[in-house]
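Q: Below are the chains, spelled out letter by letter.
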Amino acid sequence: MLIAILSGFLSALFLLFFGKRLKSSLSLITSLLPIGLFAYFLSFLPQIRAGNSVYYSLEWVPSLGVNLDFKLDGLSLLFSLLITGIGALVFLYSTAYMKGHMHIGKFYSYLSIFMASMLGLVLSDNVLLLFVFWELTAISSFFLIGFNNESAESRKSSLLAWAITGGGGFFLMAGFILLGGLTGTYSIQEMLTSKELLQSHELYGVLIFLIFAGAFTKSAQFPFHFWLPGAMKAPTPVSAYLHSATMVKAGIYVIARFTPVLGNHPYWNDTLMIVGGITMLYAAFHSIFRVDLKGILAYSTISALGILVFLLGMGSQEALIAASVFILVHALYKAGLFLITGIIDHETGTRDVTKLAGLRKVMLPIAIAGGLAAISSAGIPLTWGFIGKDLLYAATMSSESHMILLTSLAVITNIFLSYSGYLAGIKPFAGELPDSYKALHLPSAFMWVPPLVLGISGMLFGLLPSLLDQSLIQPILATFGEVQENVSLKIWHGFNTVLLLSSVTIVGGVLLYLYIKPSSKSLHRLSRYEAFAPQAIFNRLTHGMRNVAVGFTKFMHNGFLRAYLTKIVFFMVCLISFYLIRYVDIQFSTLRFTTISFYEGIIFIIMAVTILVIVFSASRLTAIISTSVVGYCICLFFLYYGAPDLAMTQFSIDTLTTVLFVLVLLKLPPYLKLRDKKAQMQDGLLAGAFGIMIAVIALQVLNEPTNKNISQFYSDNAYLLAKGKNVVNVILVDFRAYDTLVETTVLAIAAIGVFSMLKIKSSEIE
Amino acid sequence: MKIILLKTAANYLLPLLILFSIFILLRGHYEPGGGFVGGLIASIAFILHSLANGLDKTKQLLRYPPFIYIPFGLGLALLSGLTPLLIGKPFLTVLWFDDPLPVIGYVGSALFFDIGVYLVVLGVTLTILFTISESV
Chain A
1 MLIAILSGFL SALFLLFFGK RLKSSLSLIT SLLPIGLFAY FLSFLPQIRA GNSVYYSLEW
61 VPSLGVNLDF KLDGLSLLFS LLITGIGALV FLYSTAYMKG HMHIGKFYSY LSIFMASMLG
121 LVLSDNVLLL FVFWELTAIS SFFLIGFNNE SAESRKSSLL AWAITGGGGF FLMAGFILLG
181 GLTGTYSIQE MLTSKELLQS HELYGVLIFL IFAGAFTKSA QFPFHFWLPG AMKAPTPVSA
241 YLHSATMVKA GIYVIARFTP VLGNHPYWND TLMIVGGITM LYAAFHSIFR VDLKGILAYS
301 TISALGILVF LLGMGSQEAL IAASVFILVH ALYKAGLFLI TGIIDHETGT RDVTKLAGLR
361 KVMLPIAIAG GLAAISSAGI PLTWGFIGKD LLYAATMSSE SHMILLTSLA VITNIFLSYS
421 GYLAGIKPFA GELPDSYKAL HLPSAFMWVP PLVLGISGML FGLLPSLLDQ SLIQPILATF
481 GEVQENVSLK IWHGFNTVLL LSSVTIVGGV LLYLYIKPSS KSLHRLSRYE AFAPQAIFNR
541 LTHGMRNVAV GFTKFMHNGF LRAYLTKIVF FMVCLISFYL IRYVDIQFST LRFTTISFYE
601 GIIFIIMAVT ILVIVFSASR LTAIISTSVV GYCICLFFLY YGAPDLAMTQ FSIDTLTTVL
661 FVLVLLKLPP YLKLRDKKAQ MQDGLLAGAF GIMIAVIALQ VLNEPTNKNI SQFYSDNAYL
721 LAKGKNVVNV ILVDFRAYDT LVETTVLAIA AIGVFSMLKI KSSEIE
Chain B
1 MKIILLKTAA NYLLPLLILF SIFILLRGHY EPGGGFVGGL IASIAFILHS LANGLDKTKQ
61 LLRYPPFIYI PFGLGLALLS GLTPLLIGKP FLTVLWFDDP LPVIGYVGSA LFFDIGVYLV
121 VLGVTLTILF TISESV
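If you read the protein sequences in the order shown, they are chains A and B.
Going by the numbering used here, the first sequence opens with residue 1, and the numbers climb by one from there.
Going by the numbering used here, the second sequence opens with residue 1, and the numbers climb by one from there.
Since the hints were made in silico from the structure, they are not lab data.
Each residue gets a CB set at the ideal place from its N, CA and C atoms; glycine is no exception.
Certain hints may be false.
[Claimed, not checked] Quick partial rundown of chain B residues pointing at chain A, CB under 8 Å, derived from the structure:
no., residue
1, Tyr30
2, Gly54
3, Gly75
4, Leu76
5, Leu86
6, Gly88
7, Pro90
8, Trp96
9, Val117
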């Protein structure tokens, strides 16, 4: 199973390096990977059907509780099949759609990374592992949305998507860590036993807030939904795959996965129902005003995700069955509609639904696929979508409270959704064919077969629901912890309220389709209210944040070395004096003072005089030379107190620094009064405060008992273990040679830095 | 800065200072000294030469750009650390030759490590100073 997941990453690596050679025909080979994986996961179906789950574990970082634990059960099998199945179709489709693109290798590479990480996400049994894959899907989505990186719009959309989903990722990580901390394990399997503990814990509210923040951003729930329409800047196969069928359902997956652990609590259910309810209605309403086909599909996708969240929130057995069925329903018809939109866009060059008509005459198989997808989305009887819709109504009808409200919410949403389904799947193909499109012809079979396969499978499952109910839906229900003897999905439930509601939906959708003509005018009317939309608020927020950042940078990072030094020293003085005054009992004892010798006195006087010279000197050169005199005096102190190594090094460094200063200063004008008296006073005060602080610390250190263990060890063992008599050098080359090695590397990097910065700059001037 | 006194002195001081730096490097294990200080002294020697004779003369004398020493030094230090792995000792264990060499005394792999440090310090200091004095 590990190989199955990693194979995507490996092939991505391969494609990245050898992708250039992969022109059109060879790119078919890449499609073999998802096809093979689909077959592989399909082979687990009998085992899952029997109620078993497959478990695989490999130790990775056991000390942190992060292991490569993978578990295949009903829920993850459903997602794995979706990921690899739709993945296979999308890979095939892209061979024709992306044909001749310059970076086709890169495209397939990102797509493989995404597929692998999405598989990892749904198969992980360890929450930290799950999180790693979660972030990987966001990263690959970022690259795929911005795939046409010459367009500023694409770049902006991918950044927005990244900001929202990545931001949600932080919350999710915090949630997972909290979850791990509360239960004492990072394994989802083991968490199942601590349901009572978690739900009665006072942090339960925080916990679900964090997890929801991650799931809602990823699954584009209100008010975070606005990144998804922007994400439609990606190439259409990517929108079909990531932003409709799989990745956006990752949030749904996480909610579903944790339902048996955290679910069935009022907080959990109410939040999900409210957020899902708002999202499904809001987005479905929005979708009817769009004229761009991908815009319509984006909003109806958001609405469908809202329905899923809503169903998970209801949490009853009917609702959970409905959710499991609807995941598959939606993936099949929405991916199909996206692929069809891609073909239309590819062939006619427009996605404006008002301009498209009559295409059935030139591309009949695509029209059939579109029709199948549209009727499945509308829930016409005998389709898979009909069963999904039936279950949804059955779930709302059996709700204990607010039955009428919930049911009417679902019906209205579905009327809008079926309208947008017709708009995307039927409208472009119906009516008269404009003359300009007469010359069009059917594209390559790789493009029209995948949507047709999706449409037909939607039909097939609709006619024969018994293909899935026992084998897939039943095990999914088992992962929710609901055990029912037999789940059986039927085409016909008899005449009842549910059927009535279904007919209302269908009639409503058809009426809307007949009476509302999509036009850009209504979209324009809607845009007046955009100032209140979450997206506008988010934009204002980022704008404000950028202004703050610019102001902060201007203040802190103004390019003057003296300003940096002032700030650093000022901050240090404040911080350390605060600590000294607040926490340290300052006392001066003269007990450990030694008498000042004659030589020390002389050195001290020299130093004091030189410092005065530095401060009041009128020449830069004098100031620099005097600074090095102070440095030499310090060397003498080192020598006097028995640190000849230190003194030698300090001597050499001081010499070199002076040379360096002189080299630079020679080129500067002799001396300029750059700063006024007031600034000088400020500097003096700061320097004085710093000096006093250091003096207090030095005196305070004398009061502390010295710990001589370490120095004793080194001086005892330098000769015994390292055969050296100079302890300092033995430490450098033997005891702590590793440090020295790294330090010399740092030195080398510094040299490269100086060299490249100065050389590049001067060569640019030339 | 073309002062004849300095120029003459620098020409004689260069070999002397380099010898001194090698001396400091070699005695490091027993008495004050070592690769770091040695490298600094050697670079001072070259800097002095360049101040007296001009940068171009020093570069001619060096023949290769000074950053050549950095990879050599790092490589030598790393290699002296890797050698113990061959006989199954941990990374950077110091190995000693059994017999003392004339003049230098006992030699261990730490000496090669120190020579590596010496070369890196020499290379880094000269690279930085030469680059800066060329650019301003």
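Q: Hold the hint about Tyr30(B) up to the distance rule: shortest CB distance to chain A must be less than 8 Å.
A: With Cβ-Cβ at 4 Å, under 8 Å, it holds.
Q: Is the hint on Pro90(B) kept, meaning its closest Cβ partner in chain A is under 8 Å away?
A: Since the shortest Cβ distance to chain A is 10 Å, the answer is violated.
Q: Closer than 8 Å between Cβ atoms is the bar; does Gly88(B) clear it against chain A? Give me holds or violated.
A: Violated: closest Cβ of chain A sits about 18 Å from Gly88(B), beyond 8 Å.
Q: Going by Cβ atoms only, is Gly54(B) closer than 8 Å to chain A?
A: At about 13 Å, which exceeds the 8 Å cut-off, the nearest Cβ of chain A leaves the hint on Gly54(B) violated.
Q: Does the closest beta carbon of chain A sit nearer than 8 Å to the beta carbon of Trp96(B)?
A: 6 Å, holds
Q: Take the shortest C-beta to C-beta distance between Leu76(B) and chain A; is it under 8 Å?
A: Where the cut-off is 8 Å and the nearest Cβ of chain A is about 10 Å from Leu76(B), the hint is violated.
Q: Taking the closest Cβ pair, is Leu86(B) under 8 Å from chain A?
A: Where the cut-off is 8 Å and the nearest Cβ of chain A is about 17 Å from Leu86(B), the hint is violated.
Q: Given Val117(B) as an interface hint, is its Cβ closer than 8 Å to any Cβ of chain A?
A: Status holds, d = 6 Å.
Q: Going by Cβ atoms only, is Gly75(B) closer than 8 Å to chain A?
A: Given a least distance of 11 Å, the restraint on Gly75(B) is violated.
Checked against the numbered hints above, the structure violates hints 2, 3, 4, 5, 6 and 7; every other hint is satisfied.
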